[in-house]
Amino acid sequence: MKLDAKIPTGDLKDKWKNYQSHCRLINPANKRKLDIIVVGSGLAGAGAAATLAEGGYNVKCFCFQDTPRRAHSIAAQGGINAAKNYQNDGDNTWRMFYDTLKGGDFRSREANVYRLAELSAPLIDHFAQQGVPFAREYGGVLANRSFGGVQVQRTFYARGQTGQQLLLASYSQLSRQIAAKKVQMFSRHEVQEIVVIDGKARGVIVRDLVSGELSRHSAHAVVLATGGYSKVFFLSTLAMNCNGSAIWKAHKKGALFASPSFTQIHPTALPQGSETQSKLTLMSESLRNDGRIWVPKNKDEKRAPNDIPEEERDYYLERRYPAFGNLAPRDISSRAAKERIDAGYGVGPLKNAVYLDFKHSIARLGKDTIKSRYGNLFEMYLKITGIDAYTEPMKISPAPHFSMGGLWVDYELHTTLPGLYAIGECNFADHGANRLGANSLLQASVDGYFILPLTIGNYLADDLKTGKISTDHAAFSEAEASVKNKFEKIINNNGTKTVDSLHRRLGKIMWQECAMSRTKEGLEKAIREIRELREEFYKEVKVTGKIQEFNQELDKASRLVDFLEMAELMCVDALERNESCGAHFREEYQTSDGEALRNDESYSYVSAWEFKNVGNFILHKEELKFEFVQPSVRSYK
Amino acid sequence: MKINFKIWRQNNSKMKGHFKVYPLENITADMSLLEALDLLNEELVEKGETAVAFDHDCREGICGQCGIFINGRAHGPHDNQTTCQVHMRSFEDQSTIVLEPFRANAFPIVKDLVVNRSSFDRIIQKGGFISANTGGAPEANSIPIGKERADYAMDMAACIGCGACVATCKNASAALFTSAKINHLNALPQGNEEALSRTYNLVEQMQEEGFGHCSFTGACEVECPEHIPLTSIAKMNFDYMKAVAFKK
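Sequences listed follow chains A and B, in order.
The numbering used here applies: residue 338 is where the first sequence begins, and numbers increase by one.
The numbering used here applies: residue 1412 is where the second sequence begins, and numbers increase by one.
Keep in mind that a hint or two might mislead.
Below, a list of computed lysine-lysine pairs in the BS3-like style, where the Cα atoms sit at most 25 angstroms apart [unchecked claim]:
| hint | chain 1 | residue 1 | chain 2 | residue 2 |
| --- | --- | --- | --- | --- |
| 1 | A | K537 | A | K823 |
| 2 | A | K883 | A | K845 |
| 3 | A | K537 | A | K949 |
| 4 | A | K834 | B | K1458 |
| 5 | A | K883 | B | K1431 |
| 6 | B | K1458 | A | K876 |
| 7 | B | K1427 | A | K883 |
| 8 | A | K962 | A | K893 |
| 9 | A | K883 | B | K1458 |
| 10 | B | K1413 | A | K720 |
| 11 | B | K1413 | A | K834 |
| 12 | B | K1646 | A | K879 |
| 13 | A | K823 | B | K1458 |
| 14 | A | K883 | B | K1417 |
| 15 | A | K876 | A | K949 |
| 16 | A | K826 | A | K949 |
| 17 | B | K1458 | A | K826 |
| 18 | A | K876 | A | K821 |
| 19 | B | K1558 | A | K708 |
| 20 | A | K368 | A | K519 |
| 21 | A | K893 | B | K1458 |
| 22 | B | K1425 | A | K883 |
| 23 | A | K879 | B | K1558 |
| 24 | A | K862 | A | K845 |
| 25 | A | K370 | A | K589 |
| 26 | A | K704 | A | K636 |
| 27 | B | K1558 | A | K704 |
Calculated directly from the structure, the hints in this document are not laboratory data.
Note that the coordinates shown come from a computational prediction; the quantities given were computed from them, not determined experimentally.
Same shape as in the complex, but just chain A (with noise of 0.2 angstroms):
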């Protein structure tokens, strides 16, 4: 398979409008004659459903929350990157671009990176507009901070509820649509099955979470908006029902699947307390700006945090990298504190976090200050530790946070298998290997609002005359009875094991071999144990209750069915990589002190994996060809 990346001629700051002026159009009384499923309802899924209404498509909206308000677009706390420099300190679109591009290791394309940079100014004007309050200096004008990995303050931001804000904004465009009645929306609904016809992606098959009924739902053009997949080490930052079943789905349907090993571990969350634990808490990256992150100097370290004197603390990160410091990106950060934790200087009760202390920013700035910036994140600190951070440091770890990996798609955002679309999270396309703060906001919302809206109308031209698609069709049916096949196979297994127990042994599976470091033998081990493990969940799984009914256990573990397969995929790419960049660290490729060993003569491409079958896939490669910087080697020293 030949993969073409589709990038407009031209400049690379012309390439987006010579797309823009050379892409087909379809006329607002042509486009009443289409219909658009949209599955997922966070910022790039209620992004592009509203603003696809808006221009006359019909539109359906699936979710499986209560509401489309619930998203876990709402959890990302620090704020959304934007090349406005109203803080005239030498920021532009393309120092926007280079940093991005740079952040994600040289790993992912020119070009979309530059369009997510030059379309950062117009979506903030997008989200004023919206009603979304972000924070104001006395004079009206728009607050803005610094980020991590960047040296220049680009990020927006409405005290620790970026996401939030942002999410509710997109959410009351969409709540707009559906009174406008342009936008079915349909909560507590999972999809369950991509239906394919003649090659191409023309509807979903449907469960309704409340009643466990299949319905099925046809359109010309599917659009998976459906967030990351990083659920899969069990514990991580997501939300509990965070998953990548859908894109799995459309995987085993003919969808290319893009560096699946890069997954982001976050730096900067709140370290694991016991084995029942069900979720990592993210303390926003933000406090990272004003918190300085030490260890103890010395090993058994028995003293109260505050007891111990500055000559005594090692803030390995300044050490380090002095010209980044405590805002070095995320997975160096992230490393770099496994590093002193696996070297024995973690510190709390079970030696698996460091220190981020607030005790010199409070000292010059002022507690007042300190709480004006955080003050809901030490609440929440307080709330869920006990611990007040004004007095003592916080102690945070590293947690699975988000996946750069995805969907393989093209520059207009089209999948492999044609009529799909993949966007926001759910992608590959703009992190590379590592994903810079602040930008995740970004590019969901970049591809919701202004990409896909655009680009879709190019596939859809085609469409004018197909008429409605009808749901009769055998590939329906076909679709439907796999999916109720796989939902009574579950329930009338009769196994002993829970399924969050199999999906606790997934995640330590995941977490020891495939996350931070990763080596030859460790990736192998682990393949061979997710193997045994998806027998053992076939064997052993045990779901009560019906299908025809409110079923979250049945909900949970048709998700797992996704993810042990899926885990697989990301060893195998992990395996195949035998370069260290960005996330994703191969112990075997390090420099003599400690730093990731990038390959650029072998490994300067995106894997996209095609599926043959469960276990068995196919690489092809995107070569990455950089016209316009040199790749570098990375280093915030």
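Please arrange chain B on chain A, whose structure you already have, making use of the hints.
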């Protein structure tokens, strides 16, 4: 810790429900209440019984999906906190914890502790937005908004739509929820153009959905995880009167 969970079990909206008591051991003080329920559910499934249904998602107190009436209080023993942020250290060892769904006519029960809050969505659909399409927005700094105004809008916009205000209100009023959205958008110059019609339409829809009236007992502001104050309702009522006088 050892806890007796007394939980409301109800198969669906049509069937009658009842309380059932489940003793649970091996609970630690640092566990969240929802993690204890996860543990209980694992035990129930192992015994072949059906798991207790409860809504939850982010478990960070921001998505608003969780919501249980715990020992007679919406979201449990603490003020201004979501259910997912309640930890077992808040309860006495050997005690009984009573778990019920959020009760309101406008929140029909789905199953066990899960209710349907789509009435909130229908309120928002009546005008909880700014009528501006994607594209063509003016440069963000061309409309200055003073810090205090922006902060006020943010205070109001912070509502997570959990429904605790309704659940705790003796009238099952959605006034706190509705006023928060109205005040957020009306406070901003972008949203002010539609202020009167928005206020009127949202309040009308709130009544249409079967939520009661506000009688200013202030129970809602005690439970609201985002500290939306009671004065928010007073502001809405003032604007509603204006809307009735000038718009209608």
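Structure-based check of each hint:
1. K537/A to K823/A: 24 angstroms, holds
2. K883/A to K845/A: Outside the cut-off at roughly 30 angstroms; violated.
3. K537/A to K949/A: Within the cut-off at roughly 18 angstroms; holds.
4. K834/A to K1458/B: Judged against 25 angstroms, a Cα distance of about 11 angstroms means the pair holds.
5. K883/A to K1431/B: Answer holds: K883/A to K1431/B is near 20 angstroms, not above 25 angstroms.
6. K1458/B to K876/A: Holds - the C-alpha atoms of K876/A and K1458/B are around 17 angstroms apart, at most 25 angstroms.
7. K1427/B to K883/A: 18 angstroms, holds
8. K962/A to K893/A: Not satisfied, since the Cα-Cα distance of roughly 41 angstroms exceeds 25 angstroms.
9. K883/A to K1458/B: 16 angstroms, holds
10. K1413/B to K720/A: Holds, at roughly 22 angstroms.
11. K1413/B to K834/A: It holds: about 24 angstroms lies between the C-alpha atoms, which stays within 25 angstroms.
12. K1646/B to K879/A: 53 angstroms, violated
13. K823/A to K1458/B: It holds: about 23 angstroms lies between the C-alpha atoms, which stays within 25 angstroms.
14. K883/A to K1417/B: 23 angstroms, holds
15. K876/A to K949/A: 24 angstroms, holds
16. K826/A to K949/A: Status holds; Cα separation ~23 angstroms.
17. K1458/B to K826/A: Measuring from Cα to Cα gives roughly 20 angstroms; hence the hint holds.
18. K876/A to K821/A: Answer holds: K876/A to K821/A is near 19 angstroms, not above 25 angstroms.
19. K1558/B to K708/A: Status holds; Cα separation ~16 angstroms.
20. K368/A to K519/A: 11 angstroms, holds
21. K893/A to K1458/B: With a Cα-Cα distance of about 18 angstroms, the restraint between K893/A and K1458/B holds, given a limit of 25 angstroms.
22. K1425/B to K883/A: This hinted pair holds, its Cα atoms lying about 17 angstroms apart.
23. K879/A to K1558/B: 55 angstroms, violated
24. K862/A to K845/A: Status holds; Cα separation ~13 angstroms.
25. K370/A to K589/A: 29 angstroms, violated
26. K704/A to K636/A: At roughly 31 angstroms apart (the allowed maximum being 25 angstroms), K636/A and K704/A break the hint.
27. K1558/B to K704/A: 20 angstroms, holds
The structure shown violates the earlier hints numbered 2, 8, 12, 23, 25 and 26.
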